[in-house]
Amino acid sequence: MLFRVAARQAAPLRRQAFAPLTRRSVTTDAASAHAENIPQEDDKPFTVRLSDESFETYELDPPPYTLETTKKELKQMYHDMVSMRRMEMAADRLYKEKKIRGFCHLSTGQEAVAVGIEHAINRDDKVITAYRCHGFALMRGATVKSIIGELLGRREGIAYGKGGSMHMFAPNFYGGNGIVGAQVPVGAGLAFAQQYNEQPNTSIVLYGDGASNQGQVFEAFNMAKLWNLPVLFGCENNKYGMGTSAARSSALTEYYKRGQYIPGLKVNGMDVLATKAAVQYGKDYAVSGKGPLVFEYVTYRYGGHSMSDPGTTYRSREEIQRMRSTNDPIAGLKQKMLEWGVTSEEELKELDKAARAYVDAEVAEAEKMAVPEANPRILFEDIYVRGSEPRWMRGRTVDETFYY
Amino acid sequence: MAAPRLFRPASRVLSSRLSTFAKRPAFAPLCAQSALRVRNYATEGGVKEVTVRDALNEALAEELEGNEKTFILGEEVAQYNGAYKVTRGLLDRFGPKRVIDTPITEAGFTGLAVGAALAGLHPICEFMTFNFAMQSIDQIINSAAKTHYMSGGIQPCNITFRGPNGFAAGVAAQHSQDYSAWYGSIPGLKVVSPWSSEDAKGLLKAAIRDPNPVVVLENELMYGQAFPMSEAAQKSDFVLPIGKAKIERAGKDLTIVSLSRCVGQSLTAAAELKQKYGVDAEVINLRSIKPLDVETIIASLKKTGRLMVVESGYPMFGVASEILALSMEYGFDYLTAPAVRVTGAEVPTPYALGLENMSFPQEDTIVTQAAKLLRV
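If you read the protein sequences in the order shown, they are chains C and X. 258 is the number that the UniProt record's numbering gives to position 258 of the first sequence; each next residue is one higher, with no gaps. 49 is the number that the UniProt record's numbering gives to position 49 of the second sequence; each next residue is one higher, with no gaps.
This is chain X alone, in the form it adopts within the complex (with noise of 0.2 Å):
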C-alpha cells in the first residue's frame, strides 16, 4: 500500500495536501491587549472560560475515569494535590491506588511507570518539571521510546510523561529549562506541547489514549492563564490529533510558527504588527513537535513568502533550526526572504529579571524580527 508513495518527493505530497488546507475566515482586528481572547468561538453558544490548569485536571479526571488501567503517578501528585495543582481533587475522587504519590526518585518511578506500561496499563506519570526529568531521561528514551521497535512491535509500552516544560519566572538555570528538541528528536516518542486550555485538554486526552509513549510539555505560566472553551471541547470525548498544527490567526504577509507560550506571544505581536504597519500574518499553534505538521507550515508559506519561527528553547539544533531546515527542503522556492528565528538566547538562564527578560523571546522581539524580516 505504501509501495508507491515511498519515495513521493515532498513537493508532491504538500501539493496533495493543500486542497484539504481550510483557511480560516478572516478574522476581526485584533488589539495587543485582548489577542488572546478574540477567538473564534464567540459566536458559538456555551463557552466557558477554563484555565489551562482546569482544562489538564478536567482531561485527567475523565481519563481516569473512562479507563481503569489509568492511573497518575508522581511527587505530591495526591495528598499536596499536585505541585501546581493540576492533579487537584483526583486523590478524592479516584483513591489511593490510581492517584499515587512517589518518592523524590525520578529515575525510580518513572522507570516503575515504563514497566507498568509494559504490562499493560496506561500510566501517566507527571514530573513535577521536565526539569527533574533529566535524572530519568533514559528510561523515558531507552526504556520507553524504543522498547516496540527492539522487540519487533510485539512489546507496546502505552505510557504518557506530563508537566510543565521550559521557561518560568525567576527559577534561574536549573529551573527554566526546555526540552521541546531533546524529546523532539527521539523515533519511538510522540511529543506535544499544549498552548491554550482546549490544546491542554485535548491533546492530554489524545497522549493518554495514544499506544505510544507520548511527552505532553506544559508550561508553568500558562497554568493560571483563561481561555474561552468551545461547548464541543467541554466535553468528555473531545480530543485533537497528534500531529496537526492549528493556526491561531490567518493572514498573508507572514507566516509565525510557534508553540506553548510563545503563540499567545507571537498573536499579540501579530496585533501589534497589524497596528503599526498594517501587516498581517498568520500565526501557526504547532501543538504536535512530533510528529510536526509539516503540511501546514509549507502550506502556510506558500501563501505569505516568509517564515519567522518563535520558541522558547535554546537556538543551536532547536524546534525552530529544524523548522528553518525544512522549510528550505520543502518550501525553498517559496521563499522571498530568509526564513528567520526567534528563540531563547544561549545562555544559562539568570535569576535576575532584566537578565532573564533578555535570555527569553518578548513580544517587541518578535514584532521587531517581523518588521525587519518584511521591511517595514
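Same shape as in the complex, but just chain C (with noise of 0.2 Å):
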C-alpha cells in the first residue's frame, strides 16, 4: 500500500508534465480556420484551410481539413447565424414581457451547429432534434414570424398554435420533440425510410449530452448500424443536460466514442465551417452506403436550460463569460470574413442592420397575429386526419360534445 501511494507520488509529476501534448482535444475557437487568396467574384469558390483541432476520430479517417465556399455562403451563413441570435434574443424578451407560455428553451450560442448542418446537406435530407428547436426550424424554412407566432401561441404560427416552443415542424423537419431521447429511434426511422425508397439522402438525428445516457438512443444506435441505414446521430453537447453537467451525468464523456461499433466523430460545434465540413462528409459516408455515424458537436448554450432558468447555479459566470468572449459562433466568422477581406467592415455592419431588421420586422408581424379563436371547431380539429376524425370527441361535459 505504502509503495503503491509512493509510486503514484513519484510519478504524476512527469505524466502531468506530458499530459497537455498527448491529449489533445477539439478546440472550441470559433475562428480558427485560414484562408489565401480570395478571390473578388461572390460566387467563386476558396478553400479554407481548417484548424488541425477541429475534429477528433473514433474508428474513422477524419474528413479533410480543408472546405470549398464562396463569399457567398460565407455571408450567407452569417446572416444566417446573426437571424437566428436575433429571433432567440426576440423570444427571450417577449417571454419576459410574459407574452411567451410555458416552456422556451434557447439556443442562444449553439447557432453554428444548425447553421453549419443546414449547409451541408440539402432540402431533401431530414433533421429531427428535441425541445431546443427554434434555430432548426428556421434553417428548414421557416419563416421568423411563423417560429415567433407559434412562440405566442397564434393561429398564423408554424404550428398554427398547437405545438408551441417544443413542436415545430417543416418539410422535412420532424420537430421539435418534448421527451428526451424518444427522436433518436424516430429518427433512425427517418432514415429507414430513406433506405427503403432508395433516397441518396441522410438523416441527422440531434439529441443532448443529456439525453446520451435514454436506453433509447442505444437501440436506435444498434438497428442503425444492423441495417446501415444514413444516419448522423449528433450529440449537441453544450455541457449540461439542464443543470447536470456531461461528468456528472455520463461514465464516458466522449459522446461520440458511444456507438462502440459504430465510428465517430467530434466536432468544433462553435465554428460554423468546421460544422459544415464535418457533416458534408458525413453525408457522403452514410449515402455512399457505409452506414452510420456518431457525431459530438461540441458547443455551449449561453443561456440556461430554458427561461426559468438562470443558469448560474452550476457554472460560474466566469466560464459563460470566457465562451461568450472568445469563442462566440458569431464573432467567430465576423473576424475571419473581415481577416480574408470577405467584406468590409461597412458591409458587414450592413448585413447585421439588414438581418436584424428583417428579423425586428418579423416578430413585429407575428406580434400582431391573431389569437386562434377559443371555439371547438379549432380546438379538435387535426387530431385526426382531415376526412378520417370519428363522428365526435367529447368536450367536458356532454353538452361539448363536438361532432366533425
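If you are wondering where the hints come from, they were derived from the structure by calculation, not from laboratory data. These numbers were taken from a predicted model, which means no experiment stands behind them. Treat the hints with care, as some may be off.
To be verified - Taking lysine to aspartate or glutamate pairs in the DMTMM-like style, the calculated list, with each CA pair at most 25 Å apart, reads:
| id | chain 1 | residue 1 | chain 2 | residue 2 |
| --- | --- | --- | --- | --- |
| 1 | X | K244 | C | E381 |
| 2 | X | K244 | C | E389 |
| 3 | X | K246 | C | E389 |
| 4 | X | K97 | C | D284 |
| 5 | C | K225 | X | D101 |
Reassemble the complex: the two chains are provided individually, in unrelated frames, and hints are given to aid placement.
And the structure:
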C-alpha cells in the first residue's frame, strides 16, 4: 500500500508535464480557420483550411481539413447565425414580457451547429431534434414570424398555435420533440424510410448530452448499424443536461465514442465551417452505404436550460463569460470574414443591420397575428387526419361534445 | 358545416341514428355448444371456415400486396414466421425488405417504425404481445398519436400497431394484461379489437389503410379459433368501418356489450340464458374501442332497458366503466335497472388454473350476473 502511494507520488510529476501534449482535444475556437487568395467574385469557390484541432475521430478517417466555400456562402452563414440569435433574443424578451407561455428553450451560443448542418445538406435530407428547436426550424425553411407566432400561440404560427416552443414541423423537419431521447429512434426511422425508398439522402438526428444516456438511443444505434441506415446521430454537447454537467451524468463523456461499433466524429461545434465540413463528409459517408456515424458537436449554451433557469447555479459566470467573449460562433466567423477580406467593415454592418431589421419586422408581424379563436372547431381540428375523424369527440361535458 | 351541430344534445343525435339502425333478422335458437357457429352466413354461398390467425395473415398479405409503402416489422415476424404464426409465409412472399425481423428492443423499433411513418411509409408494427409494448408506449402515444395535432395537422403518421392483448392461458401476471382502456383513452389513436375471423380481417385492413395511428388489439386465445367467413369477406377489398359495433345476436331483454374474446363467451352465455330462463339477450360486439359506437349501444339499451358490459380488463377505470358512464349520460331514462359490468378481477393474474379462472369472466359468471340483473 505504502509502496503504491509512493509510486503514485513519484510518477505524476512527469505525467502531468506530458499530459497536455498527449491528450489532444477539439478546440472550441470559432475563428481557427485559415484562407488565402480570396477571389473577388462573390460566387467563385476558394479553399478554407480548418484548424487541425477541428475534429477528433473514433474508428474513422478524419474529414478533409479543407472546405470549399464562396464569399456568398460565408455571408449567408453569417446572416443565418445573426438572424437566429436575434430571433432567440426576441423570444427571450417576449418571454420576459410574459407573452410566451410554458417552456421556452433557447439556443443562443449554439447557432453554428444548426447553420453548419443546413449548409452541408439539401432540402431532401431530413432533420429531427429535441425541444431546443427554434434554430433548426428556421434553417429548415420556417419563417421567423411563423416561429415567433407559434411561441406567442397565434393562429398563423408554424403549428397553428397547437405546438408551442417544443413542437415545430416543416418539410423534412420532424420536430421539435419533447420527450428527451425519444426522437433518436424516430430519427433512425426517417433514415430507414430513405433507405427503403432508395433516396440518396441522410437523416440528421440531434440530441443533447443529457439525452445521450437514454436507453433507446443505444437501441437506435444498434438497429442503424445492423441495417446500415444513412443516419448521422449527433450529440449537441453543450456541457450540461439541464443543470447536470456531462461529467456528473455520463460514465463516458466522449460522446462520439458512444456508438461503440459505429465510427464517431467529434467536431468543433462553435465553428460553423468545421461543422459544415464534418456534416458534408458524414453525409457522403452515409449515402455511400457505409451506414451511420455518431457525431459530437462541442458547443455551449449561453443561457439557462430554459427561461426559468438563470443558468448560474451549476456553472460559473466566468465560464459563460469566457465562452461568450472568446468562442462566440458569430464573432468568430465575423473575424475571419474581415481578415480574409470577404467583406468590409461597412458591408458587415449593413449585413448585421439587414438581418436585425428582417427579424424585428417579422417579430412585429407575429405580435400582430390573431390568437386562435377559442372555439370547438379549432380546438378539435387535426386530432385525426381530415376526413378520417371519428363522428364526434367529447368535450368537458356531454353538451360540449363536438361533431365533425 | 359542423357549427349548427356543435352542441346538439346527445339524445337527439341518438334518435336521429335510430332510424338507420338495422334490426337483424331473428336468430335461430342457439345451443351453448355451437354458439360460435350459428351465424347468418349459413344461407350464403361460398362460406368458408377460417381461423382468426389465417384471417389476419390474409389481411396482411393483401395489404402488403396492394401498397408498396406498407411493410411489417417486429420480433420474429420473418424467419421464425411469427411468434404466433400470424405472419407465416410473408417473408417468402414479400422478401426481407418488407418483412423485417427486429432485435428485442421495443422502444427502439417502435420509434423507428413511427419515424418511417412520419417520413411517409405505412408501417405495421407487430408486438409479440402488447404486454411488451409497455416498453414503448411513449412512442405510441407521444410520438405517434400526438404529432398530427401538435404539428397543426401538417405531419400525419400512418402506422398500425398490432399484436395479442389481454388474457392468455397460464402465463401469469406480466403476460396477461389488457390494454384496451389504456389506448382507448388517448385522443389521436384509433383502437380496434376483433373477435371473429371477419372482424380480424376487416378491422386489420381498415387499420392499415387508415391515415392515423391505429392500435389493433388481438387475442392469442382466438388465433386458433375458426369462424365462417362469407364470400364477401374472403375478397381482397373487404374492410370493416372503424367505429361501428356489430350486433352479433339480437334480443329484447338485455343488452350485453362485449369485445374481443368475451364476445364469444357472451354469446354462449346468451344461449344459456335463453335455454334456462327463456330470455333474449342482445349481444353487441364492439369491434372498435376508439371511436366507440355509442349510438348502437344506446339504441339497443333503449330497446332492452338493461345493460351489462363484459370485458377482461381490470375493473377500475376500464372499458366497462366508460360504457356504464356513457349509458348514464346518454341512456339514463331508458335504464330499468342499474347497469352492471363483468370484468377481470382486480388482481395481478395468477398462474394456477383455478385462480386464473377466478381472475377473468367465465361464461357462468356472465349468466349468473345477467340472471341477477333480470331477476329471473
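Hints and how they fare:
This hinted pair checks out: X/K244 and C/E381 have alpha carbons roughly 22 Å apart, not beyond 25 Å. In summary, the hint linking X/K244 to C/E389 is supported, as the alpha carbons are separated by about 13 Å, within the 25 Å threshold. Under the criterion of a C-alpha separation no larger than 25 Å, the hint pairing X/K246 with C/E389 is consistent with the structure, at around 20 Å. For the suggested pair X/K97 and C/D284, the alpha carbons sit about 23 Å apart, so the restraint of at most 25 Å is met.
For the given pair, C/K225 sits about 15 Å from X/D101 by alpha-carbon distance, which is consistent with the 25 Å threshold.
Hint compliance for this structure: every hint is met.
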